[in-house]
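Novice: The lines below spell out each chain.
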Amino acid sequence: MVGLSEGEQEFIKGGIAQDLRSDGRKRYTYRPIYVETGVIPQANGSARVRMGSTDVIASVKAELGRPSAMQPDKGKVAIFVDCSPTAEPTFEGRGGEELSAELSSALQHCLLGGKSGAGAGIDLSSLVVVEGKVCWDLYIDGLVISSDGNLLDALGAAIKAALSNTGIPSVHVAAEAASDEQPEVDISDEEFLQFDTSGVPVITTLTKVGKHYIVDATLEEESQMSSAVSISINRQGHICGMIKRGGVGLDPSVILDMISVANFVSRQLMDKLDSEIAAADADEDES
Amino acid sequence: MVVKEEEMVLVTPGEVLGKATEVKAGKGAYVAKHNGLVYASLTGLLRTLSPPPDSPDQRPTVEVTGHKAHGPVPEPGSVVIARVTKVMTRMASADIMCVGAKSVREKFSGIIRQQDVRATEIDKVDMHLSFRPGDIVRASVLSLGDARAYFLSTAKNDLGVVSAESTAGKLVYCISKYDLNIILFYSFWIFCILQIASNIISFITLFKFS
Amino acid sequence: MEFVSPEGLRLDGRRPTEMRQLRAEIGNVAKADGSAVFEMGNTKVIAAVYGPREVQNKSQQMSDQALVRCEYSMANFSTGDRMRKPKGDRRSTEISLVIRQTMEACILTHLMPRSQIDIFVQVLQADGGTRSACINAATLALQDAGIPMRDIVTSCSAGYLNSTPLLDLNYVEDSAGGPDVTVGILPTLDKVTLLQMDAKLPTNTFEDVMQLAIEGCKAVANYIREVRKFLLIAVDIVGLCLVIKFRITFVF
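Chains as they are written, first to last, in full-length UniProt numbering: chain A, 1 to 287; chain B, 1 to 210; chain C, 1 to 252.
I should point out that these hints are in silico values taken from the structure, not numbers from a laboratory.
Just to be clear, a hint being listed does not mean it is correct.
List time: in silico DSS-like cross-link candidates among lysine-lysine, alpha-carbon distance up to 30 Å [to be verified]: (1) LYS229(C) / LYS244(A); (2) LYS19(B) / LYS229(C); (3) LYS244(A) / LYS13(A); (4) LYS33(B) / LYS31(C); (5) LYS86(B) / LYS58(C); (6) LYS200(C) / LYS102(B).
On a predicted model such as this, the values are computed, not experimentally measured, just so you know.
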């Protein structure tokens, strides 16, 4: 963990109170974001996102599977996050598992909605090939390579970028088989369907330090937080998921205020991210 | 030692820098015993230092300076600034914060034993009168100590507590540790007198207005 | 299956004694003392070095030399088929051990008694030769961390398929069932520090294959030396620019 002296702690808190943080940012400014897509050629889609010294990779792999009996018209998406010990020596062995599990479940909350999958940011019904029989299972893997705070937002951004980069092979279903048999499918090597990512939300974490809240907190700032609220908002301005962390309770009015701030900030983040993704995709096409 | 030539020669580990009979291995270089060659052990700039004119060994020294500055590490003889964390009857433990003028990057713990607090009357030292947790101490490193901590010493005139907090919560600086005790003693009395005085004043005001 | 075409080309278009493209980056992990990314074709590995630092587990502390530790892990998405393996399976434990022993042999551990050096290698993409790529990445990361070493260690693999020695096997060639010789050398001292082989091979053929792997190691060593120097110069130039800039601002 970060070890800070009292003076350093005061410096961070005082800076946030005066709207001038240690690295010169304002409270609602993000660190520069760099997006690189197609970093893992073996996956269907992948992206690497860097925010300051936070560095994460997300990959999407699609496999054919069977939809669950409860939701025959929907595909399945699973999110796993792994924290590499390269980011922090304490993640060695099983040390990173707790954080990995926390991040995985937080991402699932923010991107996939509830059990019914109704509020999902990812359109699950577009993953169905043959209703009730064949669907795509998306496996989204996140990997934390270097950690300097705000992992959830970075992972969310990486997943959004990876999904926009994902090509799912188009599937040709052979002639209608008997209703109780698995239909034969033919996966095309050349044709890919682009995934519609316009509805995928971005995650904005507001970290409360003292009386104020900040976006994109570094590890040092995170160590001073009293509580943090992660809100995932899509382009239509819908809240797709929300998580509160940290020990201290929040006043309901503060939460409402945070939501309006998040709404404003996430719009900027989304524009920035979309332009970065477009630039990264163009780069990849060139090379 | 004088720098003989300032050429930009970059080397990587394993590169031959010369024969051991002709050059001495400095920092970032080592001598292989089996063939008597000097090799680089770091990546960085190669520098050749000519020997001091009066030394019997007239071989120049080769050293490699890396680009990365490591955090300072205490070694015997270096003067450190430490913060006292725990005071026991026979020793006090402290966290080393600075080595010389540089702050350390990681945690190093040190121990000041009873016999190392001062130079005279070493058996009569009362640890609790000498240190209190939170005191900032200037000390010199005696040895690498046991497996857990460095052994520190304050037994010199220029060493000892340099900054501390008094019982009244004010920051005090002192010239020697005896002064600190005196200041602490008086500050306590001043505190008591002030306390009594304020009580009297409040009592009087209370009395007046009633 | 035919791994070498009649024209003498391999499945991915290389000649038998040709290596895949090498690429290296240094200093990717800001928080680590040293870090590097190493790519051999599609195999991509990231290594981070922490240390020398205080020993975490006091019972492992050694009073005359540094403790070197290594952990190898594979990302879930690194292989062709997605895997969900628990950490610390036998294969990664074995590779961790191999990397640790190889690196320990070249680090001047006696200069840093009572300290610990951690090497973490993370495979981002596996396409054959991960062992070699990990060792090469670890060498670069150790250099970046400024840890004194006897020599750099470089590693490369070679195999024998269709009665042709092949350099730097990729995944398809590796899983063909032929022998796979992984060699690690100290290039200037000209010593072999790592040698592993599976499957069987006639002795005189083995000599050829091993020689080929050693040639590969030397090629990697040349590449690493060049990259290191180039990047070092780049760092110096940036530093120089900063100094000049600072001076200018100072003058004005």
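Novice: None of the hints should be skipped; say for each whether it holds.
Specialist: Going down the list of hints, with the structure as the test:
no., hint, in the structure
1, LYS229(C) / LYS244(A), "48 Å, violated"
2, LYS19(B) / LYS229(C), "23 Å, holds"
3, LYS244(A) / LYS13(A), "21 Å, holds"
4, LYS33(B) / LYS31(C), "37 Å, violated"
5, LYS86(B) / LYS58(C), "21 Å, holds"
6, LYS200(C) / LYS102(B), "58 Å, violated"
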